[in-house]
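Peer 1: So the chains spell out like this:
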Amino acid sequence: MPEASIGTFAVRASPCGTSGTTVTTGVRGLDAEQISNAQPNAAELGKMASFAATKEASSGFAKRAKLQARQVDYPAP
Amino acid sequence: MRVLFLPLALVLAPAHAQFNLNLDRILDTVKNVSKATREIDEKEEIAIGRDMAARLLGAAPLVADARLQRYVNNVGRWLASQTERAELPWQFGVLDAPQLNAFAVPGGTVFVTRGLVAKMRNEAELAGVLSHEIAHVLKKHHLKAIQKGAQVSLAGDAFSTALSDSRSEARAKLISFGTEMYSRGLDKSDELEADRLGVVIAARGGYDAYGLPAVLQTLQAMNAEDSAVALMFKTHPAPAERLDALGEKMQPTLDAYSNQPQLPERFTVEAKAAR
Numbered sequence: 001m002p003e004a005s006i007g008t009f010a011v012r013a014s015p016c017g018t019s020g021t022t023v024t025t026g027v028r029g030l031d032a033e034q035i036s037n038a039q040p041n042a043a044e045l046g047k048m049a050s051f052a053a054t055k056e057a058s059s060g061f062a063k064r065a066k067l068q069a070r071q072v073d074y075p076a077p
Numbered sequence: 001m002r003v004l005f006l007p008l009a010l011v012l013a014p015a016h017a018q019f020n021l022n023l024d025r026i027l028d029t030v031k032n033v034s035k036a037t038r039e040i041d042e043k044e045e046i047a048i049g050r051d052m053a054a055r056l057l058g059a060a061p062l063v064a065d066a067r068l069q070r071y072v073n074n075v076g077r078w079l080a081s082q083t084e085r086a087e088l089p090w091q092f093g094v095l096d097a098p099q100l101n102a103f104a105v106p107g108g109t110v111f112v113t114r115g116l117v118a119k120m121r122n123e124a125e126l127a128g129v130l131s132h133e134i135a136h137v138l139k140k141h142h143l144k145a146i147q148k149g150a151q152v153s154l155a156g157d158a159f160s161t162a163l164s165d166s167r168s169e170a171r172a173k174l175i176s177f178g179t180e181m182y183s184r185g186l187d188k189s190d191e192l193e194a195d196r197l198g199v200v201i202a203a204r205g206g207y208d209a210y211g212l213p214a215v216l217q218t219l220q221a222m223n224a225e226d227s228a229v230a231l232m233f234k235t236h237p238a239p240a241e242r243l244d245a246l247g248e249k250m251q252p253t254l255d256a257y258s259n260q261p262q263l264p265e266r267f268t269v270e271a272k273a274a275r
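In order, the protein sequence lines correspond to chains X and R.
Each residue of the first sequence is one higher than the one before, counting from 1 in this note's numbering.
Each residue of the second sequence is one higher than the one before, counting from 1 in this note's numbering.
Hints are supplied without guarantee of correctness; some may be wrong.
Unchecked claim - List of simulated lysine-lysine pairs, PhoX-like, C-alpha gap at most 25 angstroms:
1) R:K188 to R:K234
2) X:K55 to R:K43
3) R:K43 to X:K47
4) X:K55 to R:K148
5) R:K188 to R:K148
6) X:K66 to R:K272
7) R:K140 to R:K234
8) R:K188 to R:K139
9) R:K173 to R:K234
10) R:K43 to X:K63
11) R:K249 to R:K139
12) R:K140 to R:K188
13) R:K139 to R:K173
14) R:K234 to R:K249
15) X:K47 to R:K234
16) R:K148 to R:K173
17) X:K55 to R:K139
18) R:K272 to R:K234
19) R:K139 to R:K43
20) R:K140 to R:K43
21) R:K139 to R:K234
I should point out that these hints are in silico values taken from the structure, not numbers from a laboratory.
Working from the sequences, and respecting the hints, build out all of it.
Peer 2: This is the structure:
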């Protein structure tokens, strides 16, 4: 894949290009004010728990895509 | 002399009592600080995290698509399993919000917004973002910030009460403070550390290590004035700075694991509901 340089960082150029600069005005959703004023939603929390995957299930999911776990060290702090 | 001594004793007595009172207050403060700085155990971390997650879900619900939610949970759980906190009750959710953002919650909960997933091109990019958030949980970045804030905002025994009593006013205060952190942001050093560890976690999971840098490139190409990225840009270092920092510290790791799978086909099918 071709490479482009941004600062000191050699990154690969995206085959699809960038996502553009579309301006989304007046967006409602997860902004700072909504986060501050939010009331807990226990029903959604319960729903979220029902979608959780077990370690074993996720291992099978990885295997189906031929993902292989690697031993990679964290960088020195 | 005797006449003089007696009033002096009377004057000194309250001063002595006042000194004792002040000393007691100082000792109380020292005790309170030590209470607020005591280690939050894992059970408490998970409980605080659940309360914070419920608040975030109050701001934006999950995308109503079980296939998408299960998919993100599988990717996230696989990645979390490659870490030193693999046994946490990890759960992942796609929030139904057009903004581009992701959130790590203490105890093993991670959110990513529909807006951000919609900008991704493959599973390696999703893995890169989830790994960054998982790294925040591993290093307890939010938990430590909450604890630091509690020293200032919770007086007396309130910190202990906040931890032990989920229905207390002190708990509500702690959760409000914790949730507002998502509007204020963490220290820059925490974000850059999560980027470095995130690259490693994605590589451990067998993904192309360039997933996270690719998402940062997408963000970099967006208009900073776009309201969809306003909060993300306010609470994180600029994408260019994050890319530079990764290039400086992580280039060998990125290059060594750049040929691992990206899985665009599976992503396109499973994450369809985010588009």
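Peer 1: With reference to the structure, classify each hint as holding or not holding.
Peer 2: Hints versus structure:
no., hint, in the structure
1, R:K188 to R:K234, "holds (11 angstroms)"
2, X:K55 to R:K43, "holds (20 angstroms)"
3, R:K43 to X:K47, "holds (21 angstroms)"
4, X:K55 to R:K148, "violated (33 angstroms)"
5, R:K188 to R:K148, "holds (16 angstroms)"
6, X:K66 to R:K272, "holds (22 angstroms)"
7, R:K140 to R:K234, "holds (21 angstroms)"
8, R:K188 to R:K139, "holds (14 angstroms)"
9, R:K173 to R:K234, "holds (24 angstroms)"
10, R:K43 to X:K63, "violated (32 angstroms)"
11, R:K249 to R:K139, "holds (18 angstroms)"
12, R:K140 to R:K188, "holds (15 angstroms)"
13, R:K139 to R:K173, "holds (23 angstroms)"
14, R:K234 to R:K249, "holds (24 angstroms)"
15, X:K47 to R:K234, "violated (30 angstroms)"
16, R:K148 to R:K173, "holds (14 angstroms)"
17, X:K55 to R:K139, "holds (21 angstroms)"
18, R:K272 to R:K234, "violated (29 angstroms)"
19, R:K139 to R:K43, "holds (16 angstroms)"
20, R:K140 to R:K43, "holds (14 angstroms)"
21, R:K139 to R:K234, "holds (22 angstroms)"
In summary, the numbered hints that this structure violates are 4, 10, 15, 18.
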